[in-house]
Amino acid sequence: MEIILALGIGTLAGSGVWLILRPRTFQVIIGLSLLSYAINLFILAMGRLRIGAPPVLATRGVGDPLLYADPLPQALVLTAIVISFATTALFLVVLLASRGLTGTDHVDGRERDS
Amino acid sequence: MSTSVLTASLLMAHGLLALGMGCAAFRMLRGPRAQDRVAGLDALYVNAMLLLLTFGIRSGRSLYFEAALVVAVLGFVGTVALAKFLLRGEVIE
Amino acid sequence: MSRFADHLLAAPIVVPLLAGALMLLLGERRRALKAAISLSSTFALVVVAIAILHVIDLPPNRAGSTGVYRLGAWPAPFAIVLVADRLAALMLLLTSVLAFASLLFSLARWHRVGAHFHSLFQFLLMGLNGAFLTGDLFNLFVFFELLLAASYGLALHGSGALRVKAGLHYIAINLAASLLFLVGVSLIYGLTGTLNMADLAIRIPAITPENRPLLEAGAGILGIVFLLKAGMWPLCFWLPTTYAAAAAPVAAIFAIMTKVGVYIVLRLWLLLFGVEAGASAQFGGDWLLFGGMATVAFGVIGTLASQDLARLTAFSVLVSSGTVLAATGMGQVAVTTGALFYLVSSTLGLGALFLLVELTERGREPGADVLAVTREAFGEEDDDEEGEIGVAIPATMALLGLAFIGCALVVAGLPPLSGFIAKFALLSAALNSSGANGSGGPISGASWALLAMLILSGLAALIAMVRAGIRTFWAAPNRTIPRVRVIEMAPVAILIFLCGILTIQAGTIMRYMRDTAEVLHTPRSYIGNVLPPSASEARGAGRS
Amino acid sequence: MSEAAELPAWAALLTATLVLIGAVVTLIGSIGLLRLESFYERAHAPTLGTTLGTGCIVVASMVYFSVLQTRPVMHELLITIFVAVTTPVTLMLLVRAALYRDRSEDAGGIPGPDHS
Amino acid sequence: MPQEMLLIAIVMLPFVGSCLAALLQSNARNAETWLAGATALTCLVLVSTAFPAIAAGGIIRNKIEWLPEFGLDFTLRVDGFAWMFAVLITGIGFLVVLYARYYMSPTDPVPRFFSFLLAFMGAMLGIVLSGNLIQLVFFWELTSLFSFLLIGYWHQNAPARDGARMALTVTSAGGLCLFAGVLLVGHIVGTYDLDRVLASGHLIRSHHLYIPTLLLVLLGALTKSAQFPFHFWLPHAMAAPTPVSAYLHSATMVKAGVFLLIRLWPALGGTDEWLWLVGSAGLITFILGAYIAIFQQDLKGLLAYSTISHLGLITLLIGLDAPLGIVAAIFHILNHATFKASLFMAAGIIDHESGTRDIRRLSGLWRFMPVTATLAMVAAAAMAGVPLLNGFLSKEMFFAETIETHNGSLLDDALPYIVTLASTCTVAYSLRFIRDVFFGPPPTGLPRTPHEPPRWMRFPVELLVLACLVVGIIPSMTVGPALDAAVRAVLGGDTPEYSLAIWHGFTPELLMSILAMSGGVALYFALHGYLLSGVEGPPLLRRLNGQRIFERILVFLSWRLARRLENLLGTRRLQPQLRLLVGMALLAGAAPFYAGGFSTGRPVSDIDPGFALVWAVGAACAIGAAHLAKFHRLAALVLLGGAGLVACISFVWLSAPDLALTQLVVETVTTVLLLLGLRWLPKRIPEAGAMGWWTQMLQWHRARDLTLALCAGAAVAALAYAAMTEPVPDRISRFFVENAYTQGGGTNIVNVILVDFRGFDTLGEITVLGVVALTVYALLRRFRPAAESVPLPEQQRIQNAYDDEHPERATGDTIADAMTIPALIMRLMFPVIGVVALFFFLRGHDLPGGGFVAGLTMAVAFILQYMAGGTHWFEARLRILPLRWMGFGLLVAAGTGAAAWLFGRPFLTSYFAYANVPLIGPVPLASVLLFDLGVFSLVVGATVLMLIAIAHQSVRSHRAAPQTRGPRPQPAPRRMEVE
Amino acid sequence: MTRLLPFPLVSAGLLVVWLLLNQALSVGHVLLGSAVALAGGWALAVLRPPKARFRRPAAIFRLSSMVLADIVRSNIAVASIILGQGRQKRTSGFVHIPLELRDPYGLLMLACIITSTPGTLWVDFDPAKGVLMIHVLDLVDEDDWVRTIKDRYERPLLEIFA
Ligand code: NA
Ligand code: NA
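Residue numbers (full-length UniProt numbering), protein chains in the order written: chain X, 1 to 114; chain D, 1 to 93; chain V, 1 to 544; chain L, 1 to 116; chain R, 1 to 979; chain E, 1 to 162.
Please keep in mind that the hints were generated in silico from the structure rather than gathered at the bench. Cβ coordinates follow ideal geometry from the N, Cα and C atoms, glycine included. Accuracy of the hints is not assured; some may be wrong.
Just the calculated beta-carbon pair ranges, DEER-fashion [said to hold, decoys possible]:
1) R:Asp494 x V:Ile504: 50 to 58 Å
2) V:Arg471 x R:Pro370: 44 to 52 Å
3) R:Ile798 x E:Ala77: 33 to 41 Å
4) R:Lys683 x D:Ala8: 45 to 53 Å
5) E:Lys51 x L:Arg103: 44 to 52 Å
6) V:Pro205 x R:Tyr911: 37 to 45 Å
7) R:Ala591 x L:Glu37: 40 to 48 Å
8) R:Lys683 x V:Arg471: 41 to 49 Å
9) L:Arg103 x R:Leu710: 42 to 50 Å
10) R:Ile8 x V:Pro205: 53 to 61 Å
11) E:Ile76 x R:Tyr911: 58 to 66 Å
12) R:Leu706 x E:Ala77: 45 to 53 Å
13) E:Pro127 x R:Lys683: 52 to 60 Å
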């Protein structure tokens with residue numbers, strides 16, 4: 001499983017990096033979204049893989065850490081998801097504004113002269 | 001015995017549903033038209049939802065139900081938005 | 001520390017949060033009330049920062065005094081703690097003072113130019129203060145994001161093609177950097193199992209040799225992020241454009257933003273990779289040194305190549321942060337002492353300069369035409385934007401010129417203002433590894449480089465500033481005298497005055513800086529305060 | 001998986017069968033998406049998954065958890081209801097969008113708006 | 001006054017006076033003069049009172065602690081040498097103030113002038129009275145600054161600006177070198193204290209850093225004194241008002257350089273390096289200055305080069321490295337200050353009264369201003385070294401010193417001949433100054449008719465010329481004691497015997513004087529015709545313009561090269577920056593493995609084929625999105641959704657139901673968001689047939705980016721795999737698992753972490769969301785769509801056109817028909833989704849869910865209605881006022897945290913209890929629920945605000961459409977209602 | 001009553017949803033669920049959807065079971081089409097059906113039925129002309145489809161929604 005997840009994360013990250021290096025704002029925003037998926041999974045992976053052990057206590061009492069997946073990376077991912085959602089929205093609006101003010105969707109606000 | 005049958009069938013169901021996702025993903029990739037891609041995504045969602053349900057059965061805990069529920073309740077919103085965009089050129093008029 | 005002082009540590013974060021949130025409930029038109037709230041909140045922050053500084057600096061335990069605030073009353077390595085040591089307290093004060101000046105300046109005009117300026121401003125302060133105070137690596141990420149998010153908003157404040165173009169780059173790069181931040185933090189957590197900075201300092205020396213490259217990869221990636229925020233070459237190209245495009249009060253408060261990156265490098269590098277970090281001790285120190293120098297070189301080139309004053313100032317920001325980085329990379333207490341003084345001095349000077357630039361360029365604002373177009377399109381919304389830009393006060397040009405000279409002196413490191421003292425302290429320390437009573441022994445190559453760098457950067461800054469100053473103040477006899485209000489000149493004057501105070505009170509302030517540097521270089525007291533031995537035994541236990 | 005052992009054989013087999021049927025039907029639907037020729041034909045295919053596929057697996061889940069927890073577990077029904085209610089929205093809009101797009105491009109075989 | 005206070009008063013008084021002067025009215029010439037004059041005079045008197053204490057070789061010191069950590073104390077120290085300079089500075093300063101009163105025009109803003117002049121005086125006094133080298137540098141740079149301001153006083157003139165800038169650049173650069181040199185001195189000696197440095201000459205000279213130290217210090221001194229090759233700035237500084245020239249460029253600032261040389265001679269002098277460096281600089285300057293001065297056509301230019309030459313002379317004397325040379329140097333400093341200041345003032349009078357300084361135009365002024373002419377003649381004679389005048393005395397000493405053997409080299413032997421030759425030039429230009437200006441035919445075509453200046457304008461000249469005479473005739477009775485004190489202060493025990501008499505008998509130096517005198521007269525008459533021809537500048541060197549070379553170099557280095565380097569080393573484009581970021585991160589992530597080797601542990605779990613298949617889909621979606629994002633945006637968006645869905649499934653698979661839930665809802669909202677944005681982006685059609693090198697360039701870029709992307713992907717995968725397979729460390733999360741229920745009161749550990757253990761993170765995170773929403777809102781209020789995005793989308797235009805064609809249809813019927821049933825279902829879903837949101841909210845603490853998911857779900861419910869009915873339709877029924885939700889949410893969350901203060905607990909300390917409600921049983925009452933309510937409220941507000949703000953652009957944009965298209969039925973423009 | 005409970009059926013549905021979601025029938029949940037259901041009704045009322053008029057619940061039941069059976073049958077039919085494609089010739093196409101049904105909720109139900117039945121697809125309904133256009137996967141005879149839809153589905157719906 002580790003290898004699959006690692007490859008999956010790698011694919012997402014690679015695609016994302018490819019896109020953020022592209023010249024069109026829309027490509028960049030898609031790239032950033034893909035990257036944030038990759039990173040979210042990466043964070044989760046840092047807690048090590050556990051299958052069928054969601055960190056929800058089955059019994060009300062002192063929990064046994066061995067029985068549950070590491071909850072902390074999950075909490076971190078939740079925060080990261082929220083933040084990346086917010087920043088995606090922001091970037092979208094900025095790229096729209098840039099498009100409106102500069103007349104192009106090139107990331108530099110002008111087409112490269114060729 | 002029955003348990004292993006169940007286990008095997010669940011594993012198989014995972015595989016079948018994942019294959020179904022593959023078919024949907026093919027449509028999303030190939031198109032040819034935008035509506036094909038959107039239909040593919042919709043099918044992907046349905047497959048994923050069923051995958052989550054079978055996963056819930058496999059795990060024996062009902063903690064995964066909500067994820068499936070969210071797909072059922074909200075999964076259509078994205079598709080509606082896409083369809084509306086195709087239909088009208090903008091999502092909210 | 002007393003209980004009151006204990007709760008004081010949360011105030012720099014909670015006060016701006018409450019102020020910012022409260023202002024969301026007020027309507028768009030109630031600007032006076034918002035300004036009052038914002039101003040009082042910022043003033044309160046100044047007071048709080050002074051109070052914290054006072055408590056931290058209290059004798060008898062001066063050097064080792066560190067305030068620790070356990071949020072939610074949860075024990076330390078597990079939950080989030082706020083830690084105020086001397087460095088954090090210093091940064092809090094610097095931030096609040098700069099913020100107060102910027103805010104005051106913005107009341108003349110800028111706070112009316114876009115929506116929710118005051119809320120964004122307060123949230124920026126919350127983010128900055130949180131980044132300075134937190135003792136938790138992931139919480140640092142959150143506050144970084146907060147201050148960045150607010151900075152995005154403020155950088156775009158006033159809109160216009162220039163700002164939006166610059167903002168797009170700024171945001172894209174910082175979003176990518178934020179993702180790297182997450183990679184670094186989670187990697188470090190995956191290997192050490194902790195997020196608490198002090199706890200990390202304890203655990204890093206014990207990392208196994210197989211895991212060490214992984215840990216260092218995480219630390220390296222984090223380092224890239226912080227150095228990007230600090231504006232290290234070659235990760236700094238976004239900075240001049242963004243800062244130059246930002247509205248004046250925003251640019252002024254941004255003068256502290258690169259210093260956040262520098263602060264984190266100072267804090268984490270010295271805490272986690274100090275001499276006690278085992279096999280990873282001094283990890284990346286050369287990178288800081290050479291990167292810092294490259295940054296200074298690039299900053300100098302940029303200052304010389306700049307045609308407008310705002311861009312010149314923005315490049316000076318690079319010079320400033322490069323200098324601190326390089327000095328930090330030398331890894332010596334005395335040099336760090338000088339670097340801290342330099343940090344404060346240059347931040348105040350650059351803040352003042354950013355404010356001033358706008359006043360002097362007021363006659364020929366390049367963004368004006370863009371604003372006009374927008375106004376034409378959506379007229380009714382920006383009706384009162386121009387309003388009363390100001391009565392021209394007498395001798396405006398003379399005052400502006402004087403202020404400009406003051407800023408230029410601070411930035412170029414010339415007497416009589418604090419820039420000179422800062423450079424002197426840095427160089428004296430670099431040449432004589434233990435103050436001025438060095439034995440005349442050999443001087444390291446790094447010290448020579450620092451010497452050359454500071455001298456040359458000072459000269460370049462001087463040439464550039466003189467060129468710009470002459471163009472602005474001397475070469476245009478027929479220019480219209482900008483209409484400047486007292487409320488706009490006052491903050492500039494305050495900041496320059498503070499640079500003067502820094503010069504006169506150099507002895508007292510430098511003593512504080514030395515104590516700060518000592519604590520930074522021997523983080524045992526920091527760790528001991530965050531994780532007292534008694535508490536680490538009772539780790540499993542919850543709150544009492 | 002640990003608790004599956006406690007399940008009686010009939011329930012296990014029933015669950016297994018239903019799950020498999022559901023999965024197979026859904027897969028067939030997905031294959032239809034792959035193999036059918038025009039968009040309008042392909043749009044029919046996923047309905048297999050949303051109806052019979054979902055139905056079978058939901059029932060399987062209900063049976064499984066009801067037996068496992070020895071109490072009626074019904075909340076899966078909600079999924080069926082929501083899917084049944086929301087699928088028309090997406091399909092109707094999507095097909096309509098396709099129709100308008102085809103009409104504006106004068107694609108062949110599409111009845112015009114004035115057909116009566 | 002105690003002597004310690006005296007020193008402080010002497011240094012501070014000018015600065016206080018400067019501040020006061022700046023505050024006076026701009027036309028208050030008399031008041032300014034009184035103030036400045038009084039200040040200078042007071043300083044002079046105060047300085048004078050110190051003479052008894054220093055006459056016998058005493059030193060007055062005053063030390064104030066300033067920066068003890070770094071060995072910098074504010075130390076004032078006056079000995080005989082400093083005293084002499086202080087008298088010069090204050091005395092001539094007073095005369096210049098008096099002179100300036102009449103020189104400055106009533107239209108000149110005098111406060112600035114006098115303020116700067118006094119400040120300069122203070123800085124100069126600071127230099128000479130410094131007892132600490134760093135402090136000396138401090139004042140040194142101040143003199144550069146104030147001289148800049150004074151030279152640029154008439155900044156409306158380009159020459160003034162250029163001259164000021166050049167003076168500042170050269171002298172400040174020198175000052176910075178001096179700074180470095182002084183730091184090295186401090187490094188060698190271990191202190192910056194002047195007394196201890198002067199006592200450590202041997203240590204310094206034998207140190208391996210001696211040469212760099214000496215070079216740096218000399219760079220400072222020689223630039224300030226305008227010594228070759230840094231002499232070129234001084235003539236251009238003549239653009240300053242003449243009082244400034246008289247003060248700065250004859251008596252004070254340029255003397256700071258030689259002051260420093262003499263001051264540090266005991267510490268740095270006495271070596272071959274000193275002799276060669278200082279001596280040759282002085283010699284060249286002496287000759288060059290004198291030579292060029294002959295050919296100047298501007299009176300002040302002549303005086304400027306003369307000054308350069310005389311300073312060269314002084315430097316040469318210092319460079320000779322002999323005690324008697326130092327004596328002569330000090331004496332000549334004094335003499336030069338008197339006669340050169342008076343000459344400058346005289347030149348100023350001529351300029352002032354006749355309107356020109358051009359020697360070619362001036363002639364026969366004797367007739368119009370006999371007194372001034374006489375004074376100028378005496379002063380010029382002193383400059384030429386005519387006997388009975390002070391210049392003669394020091395020049396004699398100089399000649400005598402050149403005859404002495406110092407190191408026996410060829411140069412040393414040739415020195416007497418060379419200096420005699422140079423002195424010939426001195427005589428020639430002095431004669432020229434007199435004869436060409438005051439004698440000859442009456443001038444024609446002068447701007448003004450010349451006449452004698454006002455009484456008090458001439459007074460300073462008279463006083464200075466009188467000094468020249470008196471010193472020249474009875475030197476030992478006048479300057480003797482002061483000179484003695486100065487010499488002793490420098491040389492201490494090495495003070496040689498010297499005599500200040502006029503007549504030493506027929507000595508070789510007398511012969512040299514006679515030769516120079518007669519040669520000079522001959523030279524003048526020989527050149528007279530050539531000089532009248534009117535060519536500016538000296539033959540041979542005319543093409544060699546120091547200023548132009550300097551400017552060229554400066555412009556090249558500080559502008560052209562800088563701009564080229566900025567383009568080379570930096571970029572303003574985004575892609576290279578991101579490439580660099582990725583590259584640097586790769587480097588930082590990979591470098592440790594280069595040293596430490598890459599190793600992984602063993603995978604813990606077996607491969608599940610289903611999971612592998614799912615990820616095959618995910619990877620295909622990701623790559624597809626990357627491939628299609630340029631030309632098929634919608635496809636990329638759809639594929640992005642697919643990749644996100646796979647991520648959600650992974651979350652479920654890997655035991656993170658909360659994440660799956662959140663990610664799913666976020667997916668939905670993000671899709672809607674991006675679609676809302678898509679409407680404003682330009683249509684992008686694959687362009688056909690880009691070709692040639694540009695295509696290849698593109699290919700190369702793409703190949704590079706692809707490599708980078710592959711490397712980044714591989715690196716992330718490798719890092720993830722390596723870290724995942726490593727053994728688990730002791731984690732702090734253990735605490736959370738153990739205490740989530742017992743101390744946090746919830747069974748959903750993740751939620752307890754979010755709202756309690758690490759609630760502070762959540763508080764920050766929702767603030768981020770709020771901030772972003774505010775930014776989005778603020779930015780969109782100024783949104784200006786691109787021209788082609790303004791009209792209705794094509795689909796709507798076609799559909800509206802169809803409606804318009806048919807009389808039985810109303811515009812909008814098409815969409816209304818299409819939406820009837822879907823919209824009804826969407827409407828019915830509104831309360832249902834709300835119920836689901838509430839469900840998620842309430843159960844979050846124990847089971848997957850929570851305020852964030854709930855808030856997003858609620859937001860989706862709202863957005864769905866916007867999609868179903870449109871903006872107008874929905875807002876006619878319900879106003880959401882998202883800003884209120886946000887403010888409320890933040891206040892509730894922060895307030896819940898702050899409420900702990902009321903109980904004396906730290907911020908965010910949670911509280912929970914069960915309340916027994918009849919019929920229902922125990923109901924949990926937890927403060928974290930309230931906190932989560934804040935989260936919920938903020939998330940609803942922020943999400944809705946962002947989405948609506950974008951959606952509103954469709955409504956707004958129509959009214960911004962160009963009016964030229966004629967009126968169109970439009971919805972009434974309305975502000976976004978969010979308040 | 002209508003002020004308090006503007007959409008009784010919707011509110012009842014919401015209560016059921018609430019109880020199903022929470023898998024609980026405790027007094028507390030019923031009370032809370034009722035409150036939620038009431039609030040949900042008011043929320044819906046804000047959007048002012050058309051009022052529904054239901055009659056004959058028995059017909060609803062009959063229709064439902066018939067639809068369920070149809071769905072299963074159609075599933076099998078469509079599955080065999082998908083799997084057997086290529087072996088037999090098959091045409092698909094659009095069918096126009098004139099409808100009498102005008103009640104929005106009735107149309108809604110019809111739409112749900114048609115879309116939920118594999119093999120038929122709701123495409124377009126022109127309310128002015130009252131013509132429904134559907135797409136049929138396996139189109140043998142157009143009139144056959146018109147009859148089927150009208151008889152099997154429209155008539156019961158006309159009974160239910162007056
Ligand atoms: Na019509
Ligand atoms: Na159907």
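Hint-by-hint comparison with the structure:
1. At roughly 39 Å, the beta carbons of R:Asp494 and V:Ile504 sit outside the given window of 50 to 58 Å.
2. At about 47 Å, the CB distance of V:Arg471 to R:Pro370 agrees with the hint of 44 to 52 Å.
3. A C-beta distance of roughly 37 Å is found between R:Ile798 and E:Ala77, which places it inside the suggested range of 33 to 41 Å.
4. Hint check: R:Lys683 to D:Ala8, Cβ distance near 51 Å, so the stated range 45 to 53 Å holds.
5. At about 35 Å, the CB distance of E:Lys51 to L:Arg103 disagrees with the hint of 44 to 52 Å.
6. Hint check: V:Pro205 to R:Tyr911, Cβ distance near 39 Å, so the stated range 37 to 45 Å holds.
7. A C-beta distance of roughly 55 Å is found between R:Ala591 and L:Glu37, which places it outside the suggested range of 40 to 48 Å.
8. The beta-carbon spacing between R:Lys683 and V:Arg471, approximately 45 Å, falls within the hinted interval of 41 to 49 Å.
9. Separated by about 44 Å at the C-beta atoms, L:Arg103 and R:Leu710 satisfy the suggested range of 42 to 50 Å.
10. For R:Ile8 paired with V:Pro205, a C-beta distance near 54 Å keeps the hint of 53 to 61 Å intact.
11. Roughly 59 Å separates the CB atoms of E:Ile76 and R:Tyr911, a value that falls within the hinted 58 to 66 Å.
12. Judged by the Cβ atoms, the range 45 to 53 Å given for R:Leu706 and E:Ala77 holds: they are separated by roughly 48 Å.
13. Checked against the hint of 52 to 60 Å, the C-beta distance between E:Pro127 and R:Lys683 comes to roughly 33 Å, which is inconsistent with it.
When the structure is compared with the earlier hints, violations turn up for hints 1, 5, 7 and 13 and for no others.
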